[in-house]
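Protein chains: 2
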Amino acid sequence: MTLHKSSEPTITIALDAMGGDHAPLIVVDGADLYAKKHKDVAFIFFGDEKKLTPLLQKARYLNKNAIIKHTDEAIAATEKPSSALRSGKKSSMRMAIDAVASGEAHCVVSAGNTGALMAMALFGLRPMVGIERPAIASVFPTVLPEVKTVMLDLGANIECTAENLSQFAILGAVYARDVLGIKEPRIGILNVGSEDMKGHDSVRQAHALLTAATHLPGRFLGFVEGNDISNGSVDVVVTDGFTGNITLKAIEGTAKLITHMLKQSFLANFITRLGYIFAMPALLKVKHKIDPRKYNGGPFMGLQGLCVKSHGGTDAIGFENAIAVAVQMARTDFNKRVSEALSAIDAAQKSTRHG
Amino acid sequence: MTLHKSSEPTITIALDAMGGDHAPLIVVDGADLYAKKHKDVAFIFFGDEKKLTPLLQKARYLNKNAIIKHTDEAIAATEKPSSALRSGKKSSMRMAIDAVASGEAHCVVSAGNTGALMAMALFGLRPMVGIERPAIASVFPTVLPEVKTVMLDLGANIECTAENLSQFAILGAVYARDVLGIKEPRIGILNVGSEDMKGHDSVRQAHALLTAATHLPGRFLGFVEGNDISNGSVDVVVTDGFTGNITLKAIEGTAKLITHMLKQSFLANFITRLGYIFAMPALLKVKHKIDPRKYNGGPFMGLQGLCVKSHGGTDAIGFENAIAVAVQMARTDFNKRVSEALSAIDAAQKSTRHG
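Top line first, the protein sequences correspond to chains A and B. Count along the first sequence starting at 1, add 450, and that's the number in the numbering used here. Count along the second sequence starting at 1, add 450, and that's the number in the numbering used here.
Hints listed in this document are in silico derivations from the structure and should not be mistaken for laboratory results. A hint or two may mislead.
One copy or any two copies: either way a pair holds, since identical chains are not told apart in the list.
In the DSSO-like style, the derived pairs of lysine-lysine whose C-alpha atoms are separated by at most 30 angstroms in a straight line are [stated by the list, open to error]:
{"#": "1", "residue 1": "K648", "residue 2": "K539"}
{"#": "2", "residue 1": "K648", "residue 2": "K530"}
{"#": "3", "residue 1": "K735", "residue 2": "K539"}
{"#": "4", "residue 1": "K713", "residue 2": "K598"}
{"#": "5", "residue 1": "K540", "residue 2": "K648"}
{"#": "6", "residue 1": "K633", "residue 2": "K706"}
{"#": "7", "residue 1": "K486", "residue 2": "K514"}
{"#": "8", "residue 1": "K500", "residue 2": "K539"}
{"#": "9", "residue 1": "K744", "residue 2": "K514"}
{"#": "10", "residue 1": "K486", "residue 2": "K500"}
{"#": "11", "residue 1": "K739", "residue 2": "K713"}
{"#": "12", "residue 1": "K486", "residue 2": "K598"}
{"#": "13", "residue 1": "K486", "residue 2": "K735"}
{"#": "14", "residue 1": "K713", "residue 2": "K744"}
Owing to the predicted nature of the structure, the values given are computational and were not obtained by experimental measurement.
Turn these sequences into a full structure, and let the hints steer you where they fit.
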């Protein structure tokens, strides 16, 4: 990892400036918004120089802290992961990942093709020792203002073994504890009921593994259900990528449905439109609370380098949040914290076995 | 099935009057609300005579159309399915199911223990010919006022084969077409992406089975994602009981979260409280649209007799809706429609094979 003098930026973020629906504009604007508030972060923009240069010149807070590394190759939103991996070696996404692998940057942020990003990150950054499969995570709001739920995996692994799930529990708990600052994160495995005998083999075996483990970076509660994601009763929700991805999208869909219904109801007639004016302060507060941009930035966990996935359709504010997630993970040295947690569990297991 | 003269009720519903958090009160009140609007439905209340008699005497619209069959045994909410099956033969739940099995009633409605109800219904009513495993379904609102989505399975089967899933597709499509009156229901299999190659074996094989099938009671769209449940793009969403149950509860949890946030925001101060008064008409309209009581009544599909599960914590209005689902399934002769659909698909397959 490159060393910085104290007067220089302490964290360097590699940006895939060609990934996402509104790249490179929102990538530059998002970084500019972030740079306005934080002076100690440097950016490397991987992308088309001709497009990036004028955007960076217009940016108000990006100057000596931002450099461009040119490439005009981009991974298309529809490209298959295998093809991206094979033929995308000079793409902005791959070059940004490689910058993390080489130690030039602390974390990569991309709003591009999720499947391609996962495949390239897996290939370019490799899983950590002790983690078989990496996972994608995200943070969800709950009814308790002070509680946010970390859920993983959200789609990197369609099928998961008990070992995968229990490793996700550790990754999620370290994130909750060391990145989000939750003292003793409560960990739950997503299931159809909270009784021990319910669910299929891998969740029941993961339950046994986590019950037996000591020195976990949190407290294992057992099984939790779908409604627990948002009721504040748990800090880390562990599931396979199939269930996680469907649940994530069902939650987003439900939030959209209710927002849509509210809009329709307030637009209905003169009286309801008048009502809207009076209700606006309260409605805007809720809109802000569930604003998906606020929760943008899904960390890939369990790889030897840090990588954060932004929603493809987000705007500059959303991208700024993804950058904030990346910086927070780098600053708290997430991967080192995971290694320490894995070692502590491992040591405890060995001493039990030999003692 | 008992025959009725034209002046007599045409549909008889067996009610588990001891199941649910507020039984028998909400069971009697729910039936009374239903009887107020519909004169041609008879009820058999299975439960404690001493408790039911005074409640029925107070009911305004239940008189000659309601009878009590006494039992003072009830299945507890915490009882395991296996134990309920073994020792619950004289329970209100089991007796109500047996009334459907014997042809005394057209459909059973219970707000009791879901696992026990599923186990007893499976044992007492048996799967239909051509259906290996029954499923629990429910109806969900969408952004399009004219579209409602039927989703199944919501928890009866933790693991599902491709055959199970494709049979659920037929059950759900017949329900959408013949019970809900949707002309050519659009059927989708829940997956992590809409591309054909995604997802695990059973969803991919079910995709192949449904693509190959002709004479389906609807149009097979392929894979759909979690957000499609509520965006109006599909009428029937097919999934395994593990994913379905978690998704259902995550959707309910999200609706609760947003409702909670709205309430908190409007209660914040004098100005927002004033805003609430003006916003009330629009807010109440949305509250009504997503009212879980309106969607109460989860049909068990694929058994030789009809059974509808009510939420355990619902009130009389919710229970009335579960009765309405039961009556609608009985009146449209749901099981006959399923048999016809299965025969049509079967005949088409045979003629392809032999022709």
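Tested hints:
1. Taking identical chains as interchangeable, the C-alpha atoms of K648 and K539 lie at most 30 angstroms apart only when they sit on different chains, with a minimum of 24 angstroms there against 45 angstroms within one chain.
2. For a Cα distance limit of 30 angstroms, the shortest separation of K648 from K530 across copies, 11 angstroms, qualifies, whereas the shortest one inside one copy, 36 angstroms, does not.
3. For the homomeric pair K735 and K539, neither the shortest alpha-carbon distance inside one copy (44 angstroms) nor that between copies (54 angstroms) is at most 30 angstroms.
4. Taking the closest pair of Cα atoms, K713 and K598 come within 30 angstroms of each other both inside a single copy (27 angstroms) and across two copies (19 angstroms).
5. For the identical chains of this complex, K540 and K648 are inter-copy neighbours only, at 27 angstroms across copies versus 48 angstroms inside a copy, given an alpha-carbon limit of 30 angstroms.
6. For the homomeric pair K633 and K706, the shortest alpha-carbon distance between copies (27 angstroms) is at most 30 angstroms, but the shortest distance inside one copy (32 angstroms) is not.
7. Only within a single protomer do K486 and K514 lie at most 30 angstroms apart by alpha-carbon distance; the minimum there is 13 angstroms, versus 76 angstroms between protomers.
8. For the identical chains of this complex, K500 and K539 are intra-copy neighbours only, at 20 angstroms inside a copy versus 78 angstroms across copies, given an alpha-carbon limit of 30 angstroms.
9. Taking the closest pair of Cα atoms, K744 and K514 come within 30 angstroms of each other only inside a single copy of the chain (28 angstroms); across copies the shortest separation is 59 angstroms, beyond that limit.
10. Taking the shortest Cα distances, K486 and K500 sit within 30 angstroms of each other inside one copy (24 angstroms), while across copies they are farther apart (73 angstroms).
11. In the homo-oligomer, the alpha carbons of K739 and K713 lie at most 30 angstroms apart both inside one protomer (17 angstroms) and across protomers (13 angstroms), since each shortest distance falls under that limit.
12. Proximity of K486 and K598 under a CA criterion of 30 angstroms is satisfied intra-copy only: 26 angstroms inside one chain copy versus 46 angstroms between copies.
13. In this homomeric assembly, K486 and K735 come within 30 angstroms of each other (Cα to Cα) only inside a single copy, at 24 angstroms, whereas the closest approach across copies is 43 angstroms.
14. With identical chains, the CA atoms of K713 and K744 are at most 30 angstroms apart both within one copy (21 angstroms) and between copies (21 angstroms).
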